[in-house]
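Chains A and B supply the protein sequences, listed in that same order. Per our numbering, residue 25 is the first one in the first sequence, and the count goes up by one each step. Per our numbering, residue 4 is the first one in the second sequence, and the count goes up by one each step.
Treat the hints with care, as some may be off.
Selected chain B positions facing chain A (in silico; Cβ < 10 Å) [as the list claims (entries may be wrong)]:
no., residue
1, ALA148
2, SER159
3, GLU395
4, PRO464
Here are some, though not all, of the chain A residues that point toward chain B, as calculated from beta-carbon distances under 7 Å [claimed, not checked]:
no., residue
5, ASP31
6, ALA61
7, ARG65
8, SER66
9, HIS70
10, TYR120
Listed next, the stretches of chain B that the computed footprint assigns to chain A, with coverage defined by at least 3 CB atoms under 8 Å from CB atoms of chain A [to be verified]:
no., segment
11, 139-145
12, 178-186
13, 321-329
Simulated from the structure, these hints should not be mistaken for laboratory data. These figures come from a predicted structure and were not determined experimentally. Backbone N, C-alpha and C define an ideal beta-carbon position, used for all residues, glycine too.
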Amino acid sequence: MIRLAPDQSAQIRRTEKVEFTFDGTAIWGHAGESLAAALIRSGRLHLRDAPEDADPRGAFCLMGLCQECLVVLEGQTVESCRIELQPGLDVTSLRYGADG
Amino acid sequence: MLLLCGTAQMADLIDILVVGAGPAGGNAALAAARHGKHVVLLDEQVKPGGQIWRAKDSSILSAPQTPEGSAGDALRAQITKAQIDHRGSTRIWQIERQSEGWDVHVLRDGQVERLTTKTLVLATGAHEFVQPIPGWTKPGVFGLAGATALFKQNLSPPGQRTIVSGTGPLVFFVASEIRRLGGTVAAVVTPNTRRDWVSKLPALARRVDLALRGALWIAHIMMNRVPIFWGCSVVSVEGVARVEGAEIQKLDANWAPKGETWSIDADSLCLGHGLIPSIEAPQLSGITISYRSDLGGWVPDIGQDGATSVEGVFLCGDGAGIRGATAAELHGTLAGLSAAEHLGARTAKERATLRPRFNRAARFGLAMTALSTPRPGFAMLTKPDTIVCRCESLTQTRISQEVEVGAASSNAVKSGLRAGMGPCGGKYCQTAIARFIALHENRPEAEIPPSAPRPPLRPVPMSALSANFDYDDLPIPKPAPL
Ligand SMILES: Cc1cc2nc3c(=O)[nH]c(=O)nc-3n(C[C@H](O)[C@H](O)[C@H](O)COP(=O)(O)OP(=O)(O)OC[C@H]3O[C@@H](n4cnc5c(N)ncnc54)[C@H](O)[C@@H]3O)c2cc1C
Ligand code: FES
Numbered sequence: 025m026i027r028l029a030p031d032q033s034a035q036i037r038r039t040e041k042v043e044f045t046f047d048g049t050a051i052w053g054h055a056g057e058s059l060a061a062a063l064i065r066s067g068r069l070h071l072r073d074a075p076e077d078a079d080p081r082g083a084f085c086l087m088g089l090c091q092e093c094l095v096v097l098e099g100q101t102v103e104s105c106r107i108e109l110q111p112g113l114d115v116t117s118l119r120y121g122a123d124g
Numbered sequence: 004m005l006l007l008c009g010t011a012q013m014a015d016l017i018d019i020l021v022v023g024a025g026p027a028g029g030n031a032a033l034a035a036a037r038h039g040k041h042v043v044l045l046d047e048q049v050k051p052g053g054q055i056w057r058a059k060d061s062s063i064l065s066a067p068q069t070p071e072g073s074a075g076d077a078l079r080a081q082i083t084k085a086q087i088d089h090r091g092s093t094r095i096w097q098i099e100r101q102s103e104g105w106d107v108h109v110l111r112d113g114q115v116e117r118l119t120t121k122t123l124v125l126a127t128g129a130h131e132f133v134q135p136i137p138g139w140t141k142p143g144v145f146g147l148a149g150a151t152a153l154f155k156q157n158l159s160p161p162g163q164r165t166i167v168s169g170t171g172p173l174v175f176f177v178a179s180e181i182r183r184l185g186g187t188v189a190a191v192v193t194p195n196t197r198r199d200w201v202s203k204l205p206a207l208a209r210r211v212d213l214a215l216r217g218a219l220w221i222a223h224i225m226m227n228r229v230p231i232f233w234g235c236s237v238v239s240v241e242g243v244a245r246v247e248g249a250e251i252q253k254l255d256a257n258w259a260p261k262g263e264t265w266s267i268d269a270d271s272l273c274l275g276h277g278l279i280p281s282i283e284a285p286q287l288s289g290i291t292i293s294y295r296s297d298l299g300g301w302v303p304d305i306g307q308d309g310a311t312s313v314e315g316v317f318l319c320g321d322g323a324g325i326r327g328a329t330a331a332e333l334h335g336t337l338a339g340l341s342a343a344e345h346l347g348a349r350t351a352k353e354r355a356t357l358r359p360r361f362n363r364a365a366r367f368g369l370a371m372t373a374l375s376t377p378r379p380g381f382a383m384l385t386k387p388d389t390i391v392c393r394c395e396s397l398t399q400t401r402i403s404q405e406v407e408v409g410a411a412s413s414n415a416v417k418s419g420l421r422a423g424m425g426p427c428g429g430k431y432c433q434t435a436i437a438r439f440i441a442l443h444e445n446r447p448e449a450e451i452p453p454s455a456p457r458p459p460l461r462p463v464p465m466s467a468l469s470a471n472f473d474y475d476d477l478p479i480p481k482p483a484p485l
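Chain A on its own, in the form it takes in the complex (with noise of 0.2 Å):
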């Protein structure tokens, strides 16, 4: 099939909004999808500092191998992009500081 890739986005259809908090902040995702794919379309990037030297990192490989998207969930430390959203989860960030 011979087509140049128009804008599908509008075709997707998704399943509702659910609400979860990120640090505090109450944040909207789509129940099911990762929950770094969640937190990448709501802007919040900076998900962890590296445990040397404080630099910022977020997700970067999207496969559950770098590790740098992992956040804080019920205690437990997780790789945000193989963890399903769910309604109310409480999400921390691994961060020393808090602004930014």
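We have chain A; now place chain B with the ligands onto it with these hints.
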């Protein structure tokens, strides 16, 4: 001997355990099952499909179909129909020889588990190489191949305005997908020149379907007035705690940066420079490796139809050399048939008819690998204060100090500095360090082998261990003496 707490658990002996449910592993499982073997197919992804045909997540109710989507759906339907025991969300973290065959240690639902199999088919695919550049650790920089996971699984663009920079055909696919999903592409930047592409016309002519698709991506990008910078690379990332733009520079014929630079604003950057075979699982099962630049770097030594020198272990797909998805499917079928043959099936005739098709597909894949693999000058993009090892925040300077005091292998850099010993297991720095040593000491990359992988291959949380194991029972070998 591994002790399980509580009731002793006798694992069923599996005929053929396939690791990786991509085009290679999925087809290996199907081929072996056709010959009546008891097959278990494991993958850390939820559904089969691998990297190229990664399935949509459950947030997507309906969406326009794509070629990747329909090929993946076809594979998933076949696996369901063949009643293959597919176990998703299952991470393999250790492989051990034992008397009956192999013990494979997995992590699933936060629990560790052991499976025992007579034969193994390893189809672990590839991960991507990204040349470290100043600012590449900033939030908003994504791997070029990694970004396709966001497109396929979540159907989301990586930001509002994205620069796409990288090698081979993937850069055009990524740019086209971002636009399809409603994002804006600020620029496409590729070290390849138009002449590099023209030199691959004979290979492209053999796969008119794929060549046409690539031409459409490029035409679409050009028609929409997105600038394409050929023979260039993003050389640094601008922004404070996130991407705000990137600096672009021309490259010379050896891909070293030269001449003036210019900046483009963006809130995200997709950056990637080819794929590297994921060889850790084959290495753990005792397979030796060799350097093959045409196959993407260090690859396990394999014989015909995925056979190896280790009895009962078979390899296929990009994990055995980057030959692309079509070759991976055929290689998978061949390896699955070889494993079935090892357990008594008669498959020689079937394999003989498939082999020429595999060789043809591989020729096309290798032409794309050649376009995607960086030339030696590209290592100069990494500057003295650029972070090379993301896990330990080690700069090029720290690593070169170690090289100067005589750490002439990535192994030695690893033990001296812990580069490559962080949670990513060296996947994102090892090759860059080897290429740096090669450039610095004017030695071929073939003399700088990657370090031996150490289990766990994937992070295993302490909670998973303490639930089932006494920590001392872990089958993790002591670190090698330095
Ligand atoms: C992120 C990424 C995206 C890509 N996108 C494209 C694309 O869009 N188009 C294209 O032409 N090529 C793409 N490629 C190239 C692609 O790898 C191959 O062409 C094709 O997918 C190879 O098939 P395969 O079966 O050999 O490997 P893969 O498809 O990579 O399958 C390997 C499977 O093994 C699993 N696995 C690996 N290690 C473990 C472990 N320890 N435990 C559990 N499971 C494990 C992985 O989850 C994966 O599903 C991509 C590569 C990468 C790395
Ligand atoms: S983004 Fe790399 S592990 Fe999640």
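The hints, checked one at a time:
1. ALA148: Holds, because the Cβ-Cβ distance from B/ALA148 to chain A comes to roughly 8 Å (cut-off 10 Å).
2. SER159: Result: holds, 5 Å to nearest chain A Cβ.
3. GLU395: holds, 6 Å
4. PRO464: This hint holds: B/PRO464 lies near chain A, its Cβ roughly 7 Å from the closest one there, short of 10 Å.
5. ASP31: holds, 5 Å
6. ALA61: holds, 4 Å
7. ARG65: holds, 6 Å
8. SER66: Check failed: Cβ of A/SER66 comes no nearer than 11 Å to chain B, outside 7 Å.
9. HIS70: Holds - the Cβ of A/HIS70 comes within 7 Å of chain B, reaching about 5 Å at its closest.
10. TYR120: Hint on A/TYR120: violated, closest Cβ of chain B at ~12 Å, above 7 Å.
11. 139-145: With 6 residues in contact (Cβ-Cβ under 8 Å with chain A), the coverage given for the segment 139-145 of chain B holds.
12. 178-186: It holds: at least three residues are needed, and the segment 178-186 of chain B offers 6 whose Cβ sits within less than 8 Å of chain A.
13. 321-329: Coverage by chain A is violated here, the residue count being 0 at a Cβ distance below 8 Å.
Of the numbered hints listed earlier, those contradicted by the structure are 8, 10 and 13.
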